[in-house]
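J.: Listed here are the chains, written in short residue letters.
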Amino acid sequence: MTLDQFLSIVPQSIVNGLMLGGTLSLVALGFSIVWGILNIINLAHGAFVMLSAYFAYFMFTGFGIDPFLSIAPAMLIFFVFGYVIQRYIINNVIRAPLLVTFLLTFGLEIIFVNVALNRFGGDYRSITTAYSGIGFFIGDVRVPYIKLAALLISLLIAGALHLFLSRTRTGNAIRAVGMDIDAAKLCGVKIGQTYAITYGIGAALAAAAGVLIGMSFTITPDMGGAFNLRSFVIVVLGGLGSVPGAVLGGLIFGMVDVFAGVLVPGLKDAIAFAMLVLVLIVRPQGILGKAFYK
Amino acid sequence: MTTLLEARGVTKHFGGVAAVQKVDLSIGEGEMVGLIGPNGAGKTTFINLITGMEPLTSGSVTFRGDEITHRASYRIGRMGIARTFQVVKPFRNLSVQQNVAVGAMFGAGGAHRSSKEAFVKAAQVLEFVGMGDKLERGADQLTLPDLKRLELAKALAMEPKLLLLDEVMAGLNTREIEDAMELIRKVNANGVTVLVIEHVMKAIMGLSQRVVVLHYGQKIAEGAPQAVVSDRKVIEAYLGEKYAKRVSSMRVADAAAIKSRGSDAEN
Amino acid sequence: MSATEQPAQVPAAKPSTVLARPIASRRNLIVRGIVALALVLLLVFPFLDFVSGALIRTVTVVVMAAALAQAWNLIGGYTGYPAFGNVAFFGAGGYATAILMAKMKVDFLPAVLAGGIVAALYATLLGFPVLRLKGHYFSIATLGIAEATREVVANWDTLTGGGSGITLPISPLRPQQFNQFMYFAMLAVFVGSVVLTYFITRSKLGYGMVAIREDEDAAKSLGINTTQFKVAAFALSALITGLVGGVYAYWNSSLIPEDAFNLDYTLRAILITIIGGPGSLFGPALGAIAFEFLRNFLWDRFPGLQFTFLGVMMVLTIIFMPKGVMEFLTGRRRFTPRDLLQYVRDHRVS
Numbered sequence: 034m035t036l037d038q039f040l041s042i043v044p045q046s047i048v049n050g051l052m053l054g055g056t057l058s059l060v061a062l063g064f065s066i067v068w069g070i071l072n073i074i075n076l077a078h079g080a081f082v083m084l085s086a087y088f089a090y091f092m093f094t095g096f097g098i099d100p101f102l103s104i105a106p107a108m109l110i111f112f113v114f115g116y117v118i119q120r121y122i123i124n125n126v127i128r129a130p131l132l133v134t135f136l137l138t139f140g141l142e143i144i145f146v147n148v149a150l151n152r153f154g155g156d157y158r159s160i161t162t163a164y165s166g167i168g169f170f171i172g173d174v175r176v177p178y179i180k181l182a183a184l185l186i187s188l189l190i191a192g193a194l195h196l197f198l199s200r201t202r203t204g205n206a207i208r209a210v211g212m213d214i215d216a217a218k219l220c221g222v223k224i225g226q227t228y229a230i231t232y233g234i235g236a237a238l239a240a241a242a243g244v245l246i247g248m249s250f251t252i253t254p255d256m257g258g259a260f261n262l263r264s265f266v267i268v269v270l271g272g273l274g275s276v277p278g279a280v281l282g283g284l285i286f287g288m289v290d291v292f293a294g295v296l297v298p299g300l301k302d303a304i305a306f307a308m309l310v311l312v313l314i315v316r317p318q319g320i321l322g323k324a325f326y327k
Numbered sequence: 024m025t026t027l028l029e030a031r032g033v034t035k036h037f038g039g040v041a042a043v044q045k046v047d048l049s050i051g052e053g054e055m056v057g058l059i060g061p062n063g064a065g066k067t068t069f070i071n072l073i074t075g076m077e078p079l080t081s082g083s084v085t086f087r088g089d090e091i092t093h094r095a096s097y098r099i100g101r102m103g104i105a106r107t108f109q110v111v112k113p114f115r116n117l118s119v120q121q122n123v124a125v126g127a128m129f130g131a132g133g134a135h136r137s138s139k140e141a142f143v144k145a146a147q148v149l150e151f152v153g154m155g156d157k158l159e160r161g162a163d164q165l166t167l168p169d170l171k172r173l174e175l176a177k178a179l180a181m182e183p184k185l186l187l188l189d190e191v192m193a194g195l196n197t198r199e200i201e202d203a204m205e206l207i208r209k210v211n212a213n214g215v216t217v218l219v220i221e222h223v224m225k226a227i228m229g230l231s232q233r234v235v236v237l238h239y240g241q242k243i244a245e246g247a248p249q250a251v252v253s254d255r256k257v258i259e260a261y262l263g264e265k266y267a268k269r270v271s272s273m274r275v276a277d278a279a280a281i282k283s284r285g286s287d288a289e290n
Numbered sequence: 010m011s012a013t014e015q016p017a018q019v020p021a022a023k024p025s026t027v028l029a030r031p032i033a034s035r036r037n038l039i040v041r042g043i044v045a046l047a048l049v050l051l052l053v054f055p056f057l058d059f060v061s062g063a064l065i066r067t068v069t070v071v072v073m074a075a076a077l078a079q080a081w082n083l084i085g086g087y088t089g090y091p092a093f094g095n096v097a098f099f100g101a102g103g104y105a106t107a108i109l110m111a112k113m114k115v116d117f118l119p120a121v122l123a124g125g126i127v128a129a130l131y132a133t134l135l136g137f138p139v140l141r142l143k144g145h146y147f148s149i150a151t152l153g154i155a156e157a158t159r160e161v162v163a164n165w166d167t168l169t170g171g172g173s174g175i176t177l178p179i180s181p182l183r184p185q186q187f188n189q190f191m192y193f194a195m196l197a198v199f200v201g202s203v204v205l206t207y208f209i210t211r212s213k214l215g216y217g218m219v220a221i222r223e224d225e226d227a228a229k230s231l232g233i234n235t236t237q238f239k240v241a242a243f244a245l246s247a248l249i250t251g252l253v254g255g256v257y258a259y260w261n262s263s264l265i266p267e268d269a270f271n272l273d274y275t276l277r278a279i280l281i282t283i284i285g286g287p288g289s290l291f292g293p294a295l296g297a298i299a300f301e302f303l304r305n306f307l308w309d310r311f312p313g314l315q316f317t318f319l320g321v322m323m324v325l326t327i328i329f330m331p332k333g334v335m336e337f338l339t340g341r342r343r344f345t346p347r348d349l350l351q352y353v354r355d356h357r358v359s
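Chains as they are written, first to last, in the numbering used here: chain U, 34 to 327; chain Z, 24 to 290; chain W, 10 to 359.
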């Protein structure tokens, strides 16, 4: 690729990167809150994204419900789903060594993916609405409506989460548990319940992202796995325990991902990994540092 | 008396806070020195700096004439500085003898020792500290006094020239403290130089030939035990501590109040 | 001589393995007997008349799983670093062997050995930055290594054949001979890995590794060069994994990135080690037998749900017996339903 060719795609890539990054930060936000508060790496997170995409797909093909209208019910369903999983499965080993929780969520991921494969088959599916593929132009840069809406909705949900954590009683309890579990316990916070709520929120955020992702990407049972590594990198990039950090990390990651796709196609994960190692060596506390959902 | 350890201007900053500030300390061969100071005075940090567990912000440390300021901690251990940890760090899934054998394998005397010989050495050291009957016991089944002894045994198995003891008597009863003092005296009599960090004043007074006092990371007094405890600055530091505690607890409460007001304002 | 007559000063040095607490000597004898018997059985059975090629292949799969688990055991079990990217070394060893055999006409044995060495070197190179990380960071970083390596291999068409893979020379042996040959090659790697682990557990390296797992700061202050030891454990783990990868490549006669870098291999190695008991010499072998038996048993009955069962097995194993059957055999933990529930209660928050 010549320099001129490259320069000509820069504006479009920036816009694409932002739009991808918005959704990625939504995925990473759910991953981040579970990691930050429960101190577990939730490898089932990507599976929630995938299952929710299927949910939106079937709502659309089965009942003709517009995917955007599926976001709220999906979040609700997955909140309950996540709550139950934390409460009755993960909670059993929550204080066991790290390898144990890591493997447990990995096991859950494998179960979800294979149940999906079994039920829905391995076919590629996509949600094609009347407005799919339509967009507008700013100069030469094409902006698809769906992806723009996905970016805005992601930012909106991130903002809502930020408010929830800082202004509500439950949100404060969650933050308290993340900061000092013993102190929180003394203050009467129910740890088990708070953990379950937090995990539920994580799953709900994955669900919202899943619907948005399902609208612009193909849906397969194994689509979720890639989001785990990406979420991890984004959280490390932005700093664990920070909502703005996750959003910023997501946008940066989206940008890098799009440019990497243009320049070195096929090496996206390698780039993500290189970014991870680089950040861990240069700035282990992340761009915005450790915050704890202040 | 030849100098064994020489610390000059040792300083450590955590962010903007100076945990240890320009501390000079010289320890002669065969000495037994006490290091005291109120909680948070920087005693443990000072030991971490000497043993290379944390990097110094500035200053220098020499041991037997060698500069060890930026040396890796395992190399410092092999040169002959051993330490215990205030919060004990046993290898919980290993037996008592295995715990100590690790020290015998890798410490100053470890280079010429096979892992089998290390077990013999470990048994000897455990006999010496009075745990000869617990060689096979799992480290996860020990009582606190025994855990403290185990810490000491691991350090001794390294055959150090200099032993840094970080509150080995905290949490022990009077009887156990006397046993521990006896043991430390024996260690010193065998030619090991000892730096004792302790809150138990009786132990410090009974053991040390010389006492150094840290306060807010600075050395505020040094000298014979009796002279130091009657030093005005030292008394202030300690009596002041209670006062300071009250103030700081009030501060915390204030800060919390301000914070909650602040977040109310945000609403 | 009774115990009281022994001199108190110098008790006999205990050549105990690092993890299992000194076992009574009669028990040791029994263990030795079982091991010897198992070894004889493993050496003889492929030559028996009634043994089919399919059975030999099945046993080869079990032996391969055990070797991969034993390799993971070195870094994950003994050193306590939860590595999730060991399949990178499986693939690296496999591809190195494949490239040497297919493109440079190197013989099987030197090619496999080179594969192991390539994997070990790769681990050494990666080990220095990655082993500075701890906990989650280490796990994900190693996971990332595996994914990144797969992508690089899949895109390096000229050397690796890219996504369509690489084909190895066909063996001149007759099918049954080939089965036996591959079985013994895999068995050699596995037995080698057990012998290696055995010597490590009695060496300073082994004690250093375990000390790092138990408490890295304490290990450092006792004079252990933790970086060097961790990298050594990682490289040895990679060496075995790479050798297995090399043997597998020839056995399979072709290699594609999706298989050679399939995370499934890593997961199975970890799961088998956990089932068998991490940080124990024979744990991986027992775990491999238990796991593969259960897998075959379940998969025959529920085709299509095989991976779901892998997940369910992971979840159940993790919840109820994260320290494995080895603990059961050494009598360190009882396994009544009540004990299992107690374990769960201990790790729960209310």
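Check each hint, because a few of them may be wrong.
Straight line, CA to CA, 20 Å or less: simulated EDC-like cross-link-like pairs of lysine to aspartate or glutamate [said to hold, decoys possible]:
1) U:Lys-301 / W:Asp-166
2) W:Lys-213 / Z:Glu-201
3) Z:Lys-157 / Z:Glu-199
4) Z:Lys-209 / Z:Glu-245
5) U:Lys-218 / W:Asp-355
6) U:Lys-301 / W:Asp-355
7) Z:Lys-225 / Z:Asp-89
8) Z:Lys-225 / Z:Asp-254
9) Z:Lys-225 / Z:Glu-199
10) Z:Lys-209 / Z:Glu-54
11) Z:Lys-184 / Z:Glu-199
12) U:Lys-218 / U:Asp-173
13) W:Lys-143 / Z:Glu-77
14) U:Lys-223 / W:Glu-225
15) W:Lys-213 / Z:Asp-254
16) Z:Lys-45 / Z:Glu-90
17) Z:Lys-256 / Z:Glu-77
18) Z:Lys-225 / Z:Glu-182
19) W:Lys-143 / W:Glu-267
20) Z:Lys-209 / Z:Glu-199
21) Z:Lys-184 / Z:Glu-90
These are calculated hints, taken from the structure and not from any lab test. Because the structure is a prediction, the values reported are computed rather than measured.
J.: Which hints from the list above does the structure break, by number from lowest to highest?
T.: Per hint list: 2, 4, 6, 7, 11, 12, 14, 15, 17, 18, 19 violated.
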